[in-house]
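Starting from the known structure of chain B, fit chain X onto it as the hints suggest.
Which chain is which? The protein sequence lines are B and X, in order.
Counted from 1, the first sequence has number 62 at position 62 by this note's numbering; the numbering is strictly sequential.
Counted from 1, the second sequence has number 92 at position 92 by this note's numbering; the numbering is strictly sequential.
Hints were generated in silico from the structure; no laboratory data involved.
Using N, Cα and C, we set each Cβ at its ideal position, and we do this for glycine too.
A couple of the hints might just be wrong.
[What the hints assert, rightly or not] Partial chain B-side listing against chain X, Cβ under 7 Å, derived:
(1) 19
(2) 34
(3) 41
(4) 44
(5) 46
(6) 110
(7) 112
(8) 196
(9) 200
[As the list claims (entries may be wrong)] Over 10 Å on every C-beta distance to chain B, these chain X residues come out as not near it, computed from the model:
(10) 21
(11) 22
(12) 35
(13) 125
(14) 134
(15) 137
(16) 141
(17) 180
(18) 183
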Amino acid sequence: MAHDPGRRGPEDEAWDALAEAWQQIAPPRLEQAPAELRRAVIRADLRFRLLAVAEYACYFALILLVAWYLKERKGPAAFLWGFMMLCFVAWGLDFAVRIRQGLWQATDSSTAAWLDLLVERCARKRRYARATWLMVGVMLSAMLGMFVVYWIWLPQAFARIADNRWTVAAVMLVTVGLQWLWWRWYMRRVEAEARALAALRDEVDAAR
Amino acid sequence: MDALVPLPLLARPEPAMTTDPALETRFAELVAAHRPSVGRVAALYARNAADRADLEQEIWFGVWRALAGFRGECSERTFVFRVAHNRGISHSMARRRDLVDLDAVGELIDHSPGPEQRTAADQARARLFDAVRRLPPNLREPVALKLEGLADREIAEVLGITENNTAVRLTRARAALRRLLEDDDGA
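Chain B with its partners taken away, still in its complex shape (with noise of 0.2 Å):
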């Protein structure tokens, strides 16, 4: 039956009867003026902004050192350990601006909205972190097609690398572990969040 929003009936005077209580629940203590709260936002805004830039910073700091490293150190080892350092930063980079993007322009938007748009923010997260498996995946088979090429054709070179294999294989596991550690961190957050939206998109859906 559809709904006649202009009727006026038993139930409504119930709900005018409770909207009148609650309205007279004292807001909890406020402890700020309004003045106050105003600067308090300000200033949490300022440091919202402050953060964003420190960490975009960063981001560009590491590309400097990179940069730096690959004008001091010449040769094809330098050169694609230093572009997988870049491909790695601009993935950073590009996670970190557009997960912020818009973000809090789309929180006046309704609550199913602003639901799929958490859904969708969850989904990125995921991918981003799958994509660093690739990343790290192309920097190690990189490594590794490097060392066939120097075994092939640079066999003086290729010797100082099996001298050193113990350190290369300790790199190259150290590298593997940290990103499986981080994974695994991060995505256990991605999950826990997955599921309280999961959980709310349910009861949201249900009253549709």
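Just chain X now, with coordinates in the frame of chain B:
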């Protein structure tokens, strides 16, 4: 790769950094008009007084950030309630908390200092607040909006559902609320 496809909502432009006095005045007016309501919404999603204070500030921060992009597609009241409930949802998810902590109700709403000094009306209001907090989120949100005096059309705008669905949810919520209040009376 699909990760690079911008989301429709995320693609909305971020406002430029602003210290626009007109915006500050508008924000001050919103705070003055809606602070009690926002305080109650924050209390619904918070676990204790400190958490509630954090969330209230978070909500106003959200209002401040979204205000520059607000073009009046809905009323200011709807705008504030949308931000408040959306931030409340995100806040409770980020803290991964069960929203229902009955012991905290006393901290979350203001009433007379001691139980012996509370009037019957105080106690009735505390019971109502407690009952609304105990509703599941899909019912709690429309009820909180209804009790703040929003019309069904405005509630539908905040939730992003149809007016008919809003009426259905409110009917269910009213029944659930009645049960909770009766249980409370019986206890």
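Here is how each hint holds up against the structure:
Checking residue 19 of chain B against chain X by beta carbon gives a least distance of about 5 Å; that is within 7 Å, so the hint holds. Among the interface hints, the one on residue 34 of chain B holds; its C-beta lies about 5 Å from the nearest C-beta in chain X, closer than the 7 Å criterion. The beta carbon of residue 41 of chain B comes within 5 Å of a beta carbon in chain X, closer than 7 Å, and the hint placing it at the interface holds. For residue 44 of chain B, the interface hint holds, the least distance from its beta-carbon to any beta-carbon of chain X being 5 Å, beneath 7 Å.
Because the smallest distance between the Cβ of residue 46 of chain B and any Cβ of chain X comes to about 9 Å, over 7 Å, the interface hint for this residue is violated. Because the smallest distance between the Cβ of residue 110 of chain B and any Cβ of chain X comes to about 3 Å, under 7 Å, the interface hint for this residue holds. Hint status for residue 112 of chain B: holds, given a least beta-carbon distance of 3 Å to chain X, under 7 Å. Taken as an interface hint, residue 196 of chain B checks out: its beta carbon lies about 5 Å from the nearest beta carbon of chain X, inside 7 Å.
Using the Cβ-Cβ criterion of 7 Å, the hint placing residue 200 of chain B at the interface with chain X is satisfied: the shortest such distance is roughly 6 Å. The Cβ of residue 21 of chain X lies farther than 10 Å from every Cβ of chain B, with a closest approach of about 12 Å, so its non-interface assignment holds. With 10 Å as the threshold on Cβ separation, the claim that residue 22 of chain X sits away from chain B holds: the shortest Cβ distance comes to roughly 14 Å. The beta carbon of residue 35 of chain X sits about 7 Å from the closest Cβ of chain B, which is not more than 10 Å, so the claim that it is off the interface is violated.
At roughly 5 Å, the least C-beta separation between residue 125 of chain X and chain B is not larger than 10 Å, which violates its mark as non-interface. For residue 134 of chain X, the condition that its CB be more than 10 Å from all CB atoms of chain B holds, with the nearest at approximately 15 Å. Not every beta carbon of chain B lies more than 10 Å from that of residue 137 of chain X, the smallest distance being close to 6 Å; the non-interface claim is violated. Listed as a non-interface residue, residue 141 of chain X fails to keep its Cβ farther than 10 Å from every Cβ of chain B; the least gap is roughly 6 Å.
The claim that residue 180 of chain X lies off the interface holds: its Cβ sits roughly 12 Å from the closest Cβ of chain B, which is beyond the 10 Å cut-off. For residue 183 of chain X, the requirement that its beta carbon stay farther than 10 Å from each beta carbon of chain B is met, with the minimum near 16 Å.
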